[in-house]
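K.L.:
Use the sequences and the hints to build the structure in full.
Each residue of the sequence shown is one higher than the one before, counting from 0 in numbering that gives the first Met the number 0.
Bear in mind the hints are in silico, worked out from the structure with no lab data behind them. Note that the Cβ used here is the ideal one computed from N, Cα and C, for glycine as well.
No more than 25 Å apart at the CA atoms, straight line, and that leaves these computed lysine-lysine pairs for BS3-like:
no.	residue 1	residue 2
1	190	164
2	95	227
3	207	164
4	207	190
5	226	95
Listed next, with one range per pair, are the computed distances between beta-carbon atoms:
no.	residue 1	residue 2	range
6	279	247	15 to 21 Å
7	220	126	23 to 29 Å
8	310	261	40 to 46 Å
9	261	295	25 to 31 Å
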Amino acid sequence: MAEYGLVGDFLQLGGDPASHRVVAAMSGGVDSSVVGAVLHRAGYDVVGMTLQLYDHGEAIHRKGACCAGQDIHDARRVADAMGFAHYVLDYESRFKQAVMDDFADTYLAGATPIPCVRCNQTVKFADLLETARQLGADALATGHYIRRDMSGNRAGLKRAADPGKDQSYFLFATTHEQLDFLRFPLGHLSKDQTRELAEAFGLGVAHKPDSQDICFVPDGDYASVVKKLRPEAARPGEIVHADGRVLGEHEGVIHYTVGQRRGLGVATGEPLYVIRLDADAAQVIVGPREALDVTRIALSEVNWLGEGDLADADGLAIGVKVRSTRPPSPATLEVGDDGVFVLLADGEQGVAPGQACVFYSDGDHERVLGGGWIRATR
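P.N.:
Pasting the structure below:
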């Protein structure tokens, strides 16, 4: 643990670790399992908590998911092997309301949701955090790859040391108040180092594959999940070219996302992309690749983690990510009476309403300054 910087007061709680109760959020994967093991070995009073978020009867036979079936068993087995308490909390109804229903409604509105952000924002960093407080814990620790940083007297966020594992895009909505209570012990490590720790502790999950899919979407079939949650979702309509030509018909806008090229069901001799979804008119608007170019993004539900107030950030040069897999690109923040906007210096393609736009410090892009949900583009 000393080799990996996990000695001393690495949680920044002060005093004797044994005097601090810490809740470890354990999904059953290697990352959160190592967090629980590290905290226990460091002497903290660890309580492992696993959330049952959806029907594990369906998911127990499926690899690449989290928070159900085998994963609950794996989390309990790690806690038992290390010798600390472990509890499973049934959050199925809350998860359906805050995450799954939002997922379906966002698709029905013609937008593209990110349920993992909503899950962090509501179930994990709100409900679970409050449960941890009620247990008398001094912190909630997770296996996310991101760094918590103290700037002055306020806790902030920095991107993970391992850029390939950085999860800052999915944590932009974390508030200062939540960061006062949250800890991310793995943010300075690489995934290989985490697995080495798991092996050193003798954890059975040391070589368990990472979760890949959205946990409640079997086989990546988003449309079938939306139709199950919202039977009225399969509303047919027209596929319309940006120039006004009707090119064909579709079986529901939920089958399409902005930037999509394959599977459009029309052939015109030119490459076509989905450039916009009009849920009210049940239209899928397609056009050439250049029609995807976006230079201005309107945001909603903005969370600000930068210095001072958000209103003071008008005109601030920042880096932004509009997709989790893309590097930050140069932009300018625009804050006014009519809302918060991002002006992209070089433009971006495939920017979809419903996705996140995350702010980073200009230049090095190391500090996370917050972000918001994309509500419209131009």
